[in-house]
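**Q** Residues per chain are reported as follows:
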Amino acid sequence: MALGAWLRPRIRLLATAGAVGVVAGALALLALATVRTPEFASTQTFAVGALVLGFAVLGWSGSVLAGSAVETLQSHLDTDTDWTEQDSRRAMARLVGFGAGVMVGVSVATALLT
Amino acid sequence: MVSMRFIAKRLLLLVPVLFGVATLVFAILQLSPGNPARAIAGQRASEEFVRQIERELGLNDPIWVQYGRFLVETVQLDLGDSYTVQRGTPVRTILVNKLPITLELALYGQLIGILLGIPFGIISAVKQDTLTDHLTRVGALSGISIPIFWSGPLVILLFAQILGWLPTSGRIDAQRFAIEGITGLITVDTFVQGIQATLASGFAVSNFAAFFSAVSHMILPAATIGIYSMALISRMMRSSMLEVIRQDYIRTARAKGQGAKITLMKHGLRNALIPVITVIGIQFGSLLGGAVLTETVFAIGGIGTLLVEAINVRDYPVVQGTVLVFAFLFTLVNLGVDIAYSALDPRIQQ
Chain A
5 MALGAWLRPR IRLLATAGAV GVVAGALALL ALATVRTPEF ASTQTFAVGA
55 LVLGFAVLGW SGSVLAGSAV ETLQSHLDTD TDWTEQDSRR AMARLVGFGA
105 GVMVGVSVAT ALLT
Chain B
946 MVSMRFIAKR LLLLVPVLFG VATLVFAILQ LSPGNPARAI AGQRASEEFV
996 RQIERELGLN DPIWVQYGRF LVETVQLDLG DSYTVQRGTP VRTILVNKLP
1046 ITLELALYGQ LIGILLGIPF GIISAVKQDT LTDHLTRVGA LSGISIPIFW
1096 SGPLVILLFA QILGWLPTSG RIDAQRFAIE GITGLITVDT FVQGIQATLA
1146 SGFAVSNFAA FFSAVSHMIL PAATIGIYSM ALISRMMRSS MLEVIRQDYI
1196 RTARAKGQGA KITLMKHGLR NALIPVITVI GIQFGSLLGG AVLTETVFAI
1246 GGIGTLLVEA INVRDYPVVQ GTVLVFAFLF TLVNLGVDIA YSALDPRIQQ
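Top line first, the protein sequences correspond to chains A and B.
Residue numbers for the first sequence follow our numbering, so the first one is 5 and each next one is one higher.
Residue numbers for the second sequence follow our numbering, so the first one is 946 and each next one is one higher.
Bound conformation, chain A alone (with noise of 0.2 Å):
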């Protein structure tokens, strides 16, 4: 498969929820902000971000490295679900695009605002 093709998918994958997340987080300052100082709300809403991202990259690292082992393990011990390592991949790569989104989204808000 050529790089172009099989990077569009991927990086759309990352823009789509990073954008949402850019949105979200500089929505969320504002909100935050109108309640409590700036200073609390940008260090809020951009620690919330960074768990989210965290969380994300955490989970998709543990995805690869773990993903298949997780797999054979639940159909060993008979507790078939419907998790798969690809499935758990795709949905963490999204969270990390949100989570990114998020981070800048409250920094360039937070720079405009103050």
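A hint or two may mislead.
Not the full set, but computed from the structure, chain B residues with beta-carbon under 7 Å of chain A [said to hold, decoys possible]:
1) T968
2) L976
3) T1223
Footprint (simulated), chain A over chain B, 3 or more residues, beta carbon under 8 Å [stated by the list, open to error]:
4) 950–963
5) 969–975
6) 997–1011
7) 1174–1187
Treat the hints as calculated values from the structure; they're not laboratory data.
Ideal Cβ positions, reconstructed from N, Cα and C, are used throughout, including at glycine.
With the hints as your guide, set chain B onto chain A.
**A** This is chain B only, laid out in the frame that chain A set:
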């Protein structure tokens, strides 16, 4: 043979894992209530003094600046200095001192789990639906279900208080032996010292008294942490072995006249071990987590106890450093497991 490309690919995965853990820990610490500058200064310190500490630590900078600085320092392996736990000491030094204690505990726990879990699993599978199988399964289920904070005090009560066979806490009889740190692993250090004393003055059992003391202190905590490991490994081994012994190639080997034991150990065990080995890797993470509780129950001052203490006093650099080290170890163990896994089944590398 395991290819270098496969190992390099796995090593590259260390980067996102450590980045994810670092980000997660940073976010959690930022979201948790309280002020580290206040924790350092003390509750009675003036506001001005607290502000001064905040400025010194860069806590007033915008959060993305703090985040960027934290990531850059982490990449440079600069984990900072401890705020409160061991004030002013580099986190790296603290971790180097504490890590061997937890590693030793987890390794012996894992060893007990593997050495007992695999044979129990095989016996259980071979004697399927007999009394031995039922007893082993009940044992495994109990082992998985019993939490360490309950099984720990229970073994102390039985083996230390009632029977008086083993010591209850610590790593060695500190009043009798002074240990010179070599590797930090107390059983190894005391053994090496015993050998040195033997070479200097001839063999005497008393040369190894410190080693025996260290081993006797290790048995209960390692057994406590190993019970859970043993239970899971035994359960996995049983189901995996049952699946393998029903395969055609096992039947063929038996039909050709090969003995039951040789068929089982030569053809069956290798294939049955594949899923078990992956579980052992995942399980090592649980052992490190379990070490936090075990260290507390048995009063062993390892990295787990350090983590709990650092969280209590909001010592950010120590918490971040400790969690990063845990993640690094977990990933390295998984790499080892992957290599073992692909050595057993070369198709996995593709």
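**Q** So which of those numbered hints doesn't the model satisfy?
**A** none
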